[in-house]
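Modelling step: build the complete structure from the supplied sequences, incorporating the hints.
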Amino acid sequence: MLSGKKATRYAIALFLIISLNFFIPRSMPGDPLTNLLGEDISLTASSVQELRERMGLDRPLSQQFLDYWHDILRFDLGYSFHLHRNVSDLIYDRMKWTLLLSLPAMVMGAILGTLLGARAGWKSSALRRTQTGFIMAIYCAPPYFISLIALYLLSYKQGLFPLKGFYSTGSALDIAHHLFLPSAMMTLFSLSRNYMIMKGSVLQEKGSLYATFARAKGLYDEQILFRHVFKNALLPIITLLALDFGFILSGALFIEIVFSMNGMGSLIYDALLSRDYPVLQGSFLIITIMVVSANLLADLLYSYLDPRVRWQ
Amino acid sequence: MAGIKPGSGPCAMSECFCGDGKDVRGMEKECDRPYHCPYGGILFRKVSIIGLVLFSSFLLAAIFSSFLSPCDPWDRFEPYLPPGQDHILGTNDLGQDILSELIYGSRVSLIVGFGAALMATTIGSSIGLLAGYFKGMADEILMGITDIFLMIPQIPLIIVLAAFLRPSFWLIALLMGSLWWTSTARVVRSKALQIREMGYVQSKRSLGFSHLHIIVSDVLPNLSQLVMPKFLLSIASAMIAESSISFLGLGDPSMKSWGMMINFAFSRGGFINGYWWWYMAPGLCITIFVLSIVLIGSFLEERDESIMGQQ
Amino acid sequence: MNRHLPSSSYFRPLLCIDEMYVSFDTSLGRVKAAQNICLELHERETLAIVGETGCGKSVIASAILQLLPSNASVKGKAIFLGRDLLSLGEREMADIRGQEIAIIFQNPSLSLNPIMKVAEQVAEPLQIHRRLPRHRAISKAEDMLSRFKLGDKASPVMYPFQLSGGMNQRVMIATSMILSPKILIADEPSKGLDQSLARQVMKELAGIKDEIGASLLLITHDLLLAKEVSDRIAVMYCGEIVEAGSSAEIFDEPLHPYTKALLNCLPEMGFKPIPGSSPSMIDPPEGCRFYPRCRERLDRCLLSPKMIKVESDDGDREVRCWLY
Ligand SMILES: Nc1ncnc2c1ncn2[C@@H]1O[C@H](COP(=O)(O)OP(=O)(O)O)[C@@H](O)[C@H]1O
Ligand SMILES: [Mg+2]
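Chains as they are written, first to last, in the numbering used here: chain B, 1 to 312; chain G, 1 to 311; chain F, 1 to 324.
Hint data in this document are derived by calculation from the structure and do not stem from the laboratory.
Errors might be hidden in some of the hints.
What the hints assert, rightly or not - Okay, the calculated beta carbon distance ranges per label pair: (1) Ile18/B - Gly151/F: 53 to 59 Å; (2) Ser47/B - Leu59/G: 53 to 59 Å; (3) Gly84/G - Glu222/B: 49 to 55 Å; (4) Gly199/G - Pro284/F: 26 to 32 Å; (5) Ile18/B - Pro253/G: 28 to 34 Å; (6) Ile141/G - Ile18/B: 46 to 52 Å; (7) Arg295/F - Gln223/B: 48 to 54 Å; (8) Pro253/G - Glu50/B: 35 to 41 Å; (9) Gly199/G - Lys5/B: 29 to 35 Å; (10) Gln225/G - Leu173/B: 52 to 58 Å; (11) Ser57/G - Phe134/B: 18 to 24 Å; (12) Gly199/G - Glu222/B: 41 to 47 Å.
Unchecked claim - A few chain G residues facing chain B, derived, Cβ under 8 Å: (13) Leu68; (14) Leu130; (15) Ile148; (16) Leu150; (17) Pro156; (18) Leu157; (19) Ala163; (20) Phe164; (21) Val219; (22) Phe247; (23) Leu248; (24) Val290; (25) Leu291.
All C-beta atoms in this analysis are idealised placements derived from N, C-alpha and C, irrespective of residue type, glycine included.
See the structure below:
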């Protein structure tokens, strides 16, 4: 399914990015120990020495590199001295919430965005132009800014939704109430990106001869779009949409911060404020792995869906 | 990393900016079915003129900040004033005039955006040029690198690096510039591949002209049209990212960019207390500026494509 | 291969194109792709439109079915069974397309949906117009495909990219014939195929056309093919029809200087190319459009000639030239 060349590229990408994570704290200005542990941690001189040994900083770099990989493969991402927990546990706890917020929203955004975008690219009308203008404004605004506006108008002014957090009582209904506005923002954000991509692709694709031939067969208007053009327009952009996954996920982090939700975004935000480097690096690593996997998945999906690739 | 179709034919896609410098296509285009169409609908052109007007007014504001702003952005007046007569856009927690902050902020934001975009475009064009012109091994390696860069989640990486480096604005621009050249590299490469195969370039090569001469006199001039919209769209990406990073408090506190203003409003209680004017104005500025760039950039791309369509 | 018919004019006209004008707005100017086109297509006959590439043949074909892009403007009438096709709405056209009038385009490989199985594409008209359920439509489509020797087990589940150009051409023909339309418009069905394959595809096409009793509007730049297959021929030059008549008469006794020149291009007539090149359609020559290249030109050729009837055995010979 996946050609050898591509598989190698994915492997190399993953290897390089994870290795980058090893070199960042060791090459940045300042004491590598601080860079590895985080700042503002009060340590006595003896414990500094002890920690330095425990982190292996007295060993040669190559040995450290091997140890680092060894740890990674055991899902050991280090220890947060600020939060007094293993980074992998922390991320595991927070990631659940982030995924709850972002995955359904991203799926919704992808479905709605491609459908609406396809129709907007197919035929323009006053209504669709207004819709495109609106979506384009969202597309051009930073996601956190739109969330701020929505939060101000709907929660602060109207009191329709809670101002912060994932839950207050913890019942399913309560969680849904809390999740609604941020999820809607996330959906809108992901929708706007899918919309613009799909619209462009349909605009290009609808000029193809096979679309005209479908019309000549007697298909009417959107029958042509949905029976022929849609899939052809979607295929070449599957990988493009996957590349966008990283950006949309980053958007989720910002939306969480605005809504003060305890997911990855807030974890990263707090880690930034306290310079908790292990948490920052661990989060970056996990996000990277997710993005690379999403791309891999999209590639597989593409080669499955496109008969021209499948039958090669 | 599978085949992303290059723009083909007159009604081809146009690529639009994407918050982290990757390709996203999709702009207004009123045309149907095969053959070339008279470019841009009238509507489309009108909209891009609006884009141009907005863009130039921001540019003027950035250049002539000191003449245009009513007062010094660091001067203090009464805090938390809502928009009114004395201060058209109100004041912040320190009593600083928001309009003046905005006008000075445009300078910072635009410099970061232009700087990053300039760097990204230079790197992207060089890599794409080398890969496309020399083909073979160079192409394989450079495009492999491009594909890898394409997959790095860039905003998280910048966050991590910025946390270690406590950056100045220059550094942020540098970081963004060194990450966002990928889409430029791709389009430049495919164009360079095309030009390389053209008759007159082939014959020049067989006549023994040096590569450098051919690149400078034949390849580069043909690229400028292609690179200009990419450059504009990179500015848009950079501005969005700069504002996001500043929003996290990773910006340079001694310089007020639009993103920094929103960050202050959010972290110093402007939001909780309902001082909407504090973050609304900079947020709208970012949005409108990015919008204007996207409109102009995609107009340029459309135009190129319809010119190519007629050749 | 309607040679057994005494003359096509025994049958009533099915499609009458009357003073049709087609032009395109482009950024370079207005392309006048078809001017003052008058044609009649009779029941069961084969009418061929011949002319050099770029003279506007395909434009006529697409205009009849309202398939031109949005930068085109079409004037005139095309009366089919009492209705003017050029003024019908898109919904009514959709009912006619594929069912009453079918068309095959000149580029079969690009006209088929690249990611849809061939059999499904052939079955589509049945689903759209006859509302047959999917599996029945597909099994009928497979029957149809097997008539075109594409029935061996593998073909119907294949995709267009797995088939050769000739096979794709047959898939197109099968698609357009599956609803037994009254008119089939075939745009360059022999293009891109080698001689013998082209003849064979043409034979199959003519066979099925006779079987369902359809009329064929054949568009081609291949004069010999037109001579072999068609009852009548219309010769086109630079957006205008310059001569029309039964195919035997056109070949035996060409009237218009352009037709004569075209026949002289044929290998068996000595392969003498026409001097000069085709004029621009954005601003065509004044008067007769063939004037700049014509060997027999007169002064009054600088005025536009009218289509005039000429005496002939079949009675419907016409030419646009001042010599007659
Ligand atoms: N959509 C269009 N826009 C502009 N010009 C067109 C369009 N379609 C066809 N033309 C022009 O019309 C003329 C006739 O084209 P066509 O009918 O395809 O020629 P042919 O006789 O080879 O089939 C050509 O000069 C072509 O450039
Ligand atoms: Mg043609």
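Hint check results:
no.: 1; hint: Ile18/B - Gly151/F: 53 to 59 Å; in the structure: holds (55 Å)
no.: 2; hint: Ser47/B - Leu59/G: 53 to 59 Å; in the structure: holds (55 Å)
no.: 3; hint: Gly84/G - Glu222/B: 49 to 55 Å; in the structure: holds (51 Å)
no.: 4; hint: Gly199/G - Pro284/F: 26 to 32 Å; in the structure: holds (31 Å)
no.: 5; hint: Ile18/B - Pro253/G: 28 to 34 Å; in the structure: holds (33 Å)
no.: 6; hint: Ile141/G - Ile18/B: 46 to 52 Å; in the structure: violated (21 Å)
no.: 7; hint: Arg295/F - Gln223/B: 48 to 54 Å; in the structure: holds (52 Å)
no.: 8; hint: Pro253/G - Glu50/B: 35 to 41 Å; in the structure: holds (36 Å)
no.: 9; hint: Gly199/G - Lys5/B: 29 to 35 Å; in the structure: holds (32 Å)
no.: 10; hint: Gln225/G - Leu173/B: 52 to 58 Å; in the structure: holds (57 Å)
no.: 11; hint: Ser57/G - Phe134/B: 18 to 24 Å; in the structure: holds (23 Å)
no.: 12; hint: Gly199/G - Glu222/B: 41 to 47 Å; in the structure: holds (45 Å)
no.: 13; hint: Leu68; in the structure: violated (24 Å)
no.: 14; hint: Leu130; in the structure: violated (19 Å)
no.: 15; hint: Ile148; in the structure: holds (4 Å)
no.: 16; hint: Leu150; in the structure: holds (6 Å)
no.: 17; hint: Pro156; in the structure: holds (5 Å)
no.: 18; hint: Leu157; in the structure: holds (6 Å)
no.: 19; hint: Ala163; in the structure: holds (6 Å)
no.: 20; hint: Phe164; in the structure: holds (4 Å)
no.: 21; hint: Val219; in the structure: violated (26 Å)
no.: 22; hint: Phe247; in the structure: holds (6 Å)
no.: 23; hint: Leu248; in the structure: holds (6 Å)
no.: 24; hint: Val290; in the structure: holds (4 Å)
no.: 25; hint: Leu291; in the structure: holds (4 Å)
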